[in-house]
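Novice: Given next are the chains, with one letter for each unit.
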Amino acid sequence: MEQQGEPIEKILERYKGQNAFVVIEVLTVDPKTQKPLTGRVLAVTPDEDEAGMAARKAKHFLIRWVGEVAEVIVV
Amino acid sequence: MPTLSFDPMQRVIAVDAISITADGRPANLTVLVDTGAGQTGFRRSTLIGLGIDVDRATQIARINTASGSLSVPVVNLPHLSVFGTDFHNLPVLCLPLPPTVPADGVLGYDVLSRFRLFVNYRRGVLVAEPFNGLLHRVRFLWQVASTL
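Chains A and B supply the protein sequences, listed in that same order.
According to this note's numbering, the first sequence holds residues 382 to 456 in order.
According to this note's numbering, the second sequence holds residues 28 to 175 in order.
Simulated from the structure, these hints should not be mistaken for lab results.
There may be inaccurate statements among the hints.
[Stated by the list, open to error] Here are the computed lysine to aspartate or glutamate pairs in the DMTMM-like style, where the Cα-Cα straight-line distance is at most 20 Å: (1) A:416 with A:452; (2) A:438 with A:387; (3) A:416 with A:449; (4) A:440 with B:50; (5) A:391 with B:113; (6) A:416 with B:80; (7) A:397 with B:50; (8) A:413 with B:80; (9) A:413 with B:113; (10) A:413 with A:452; (11) A:438 with B:34; (12) A:413 with A:431; (13) A:397 with A:411; (14) A:397 with A:431; (15) A:391 with A:406; (16) A:440 with A:406; (17) A:413 with A:449; (18) A:391 with A:411; (19) A:440 with B:80; (20) A:440 with B:43; (21) A:438 with B:50; (22) A:416 with B:113; (23) A:438 with A:406; (24) A:416 with A:431; (25) A:413 with A:390.
[What the hints assert, rightly or not] Across the chosen pairs, the derived CB separations fall in these ranges: (26) B:162 with A:453: 27 to 33 Å; (27) B:136 with A:452: 23 to 29 Å; (28) B:162 with A:452: 21 to 27 Å; (29) B:94 with A:449: 14 to 20 Å; (30) B:103 with A:409: 45 to 51 Å.
[As the list claims (entries may be wrong)] For the chain A half of the interface with chain B, some residues (derived, Cβ under 8 Å), not all of them: (31) 398; (32) 399; (33) 402; (34) 408; (35) 412; (36) 418; (37) 422; (38) 424; (39) 425; (40) 429.
Every residue, glycine too, gets a C-beta built ideally from N, C-alpha and C.
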């Protein structure tokens, strides 16, 4: 169970609204789509550098923002 | 693969991409399709996670945004896979994206211009096929027809 980790959706739901980056080590992916399925949390931080450094420790990672999302986005 | 779905309620076109670090570690990314961007760019946390030393970038680019102009580092991304196509050693910008932008980066003209693109905003479907000859052209038209 530990090696399989938790479903990524469940992890993100748990931290939702914290205004932070959640750094996740991906443990399993969908073999067809390569979408990440399960993982474990490496860090939860609002600091971009810290999030990036935490991600360096993972063999396979993703970083998601779990805070407020802008209503209108102009990039 | 080059027919992708996105959530039209988000009011942006966010798609999945995969990047691989120089030492072979993959990262799952979410990128915005930004037809107004001249060059592809990623947020600082993503580039650092990919093992790139942003502060030691030797090239700086001046970019103009809706809120003014600023100088940003340009770094080499070892590998980016998007719309089923691989890009190697892609020069990308380190963008100060606000955290409230729900993406790791934006795809700009340098990447998007390699594809035929079709967007059905109402259905939340994007078709992207590379300019790779007749087969891809036919595939593009067939996929566009099936989204109408």
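Novice: If you test the structure against every hint from before, which numbers come out violated?
Specialist: 1, 3, 5, 6, 7, 8, 10, 11, 12, 13, 17, 24, 26, 28, 30, 31, 32, 34, 35, 36, 37, 38, 39
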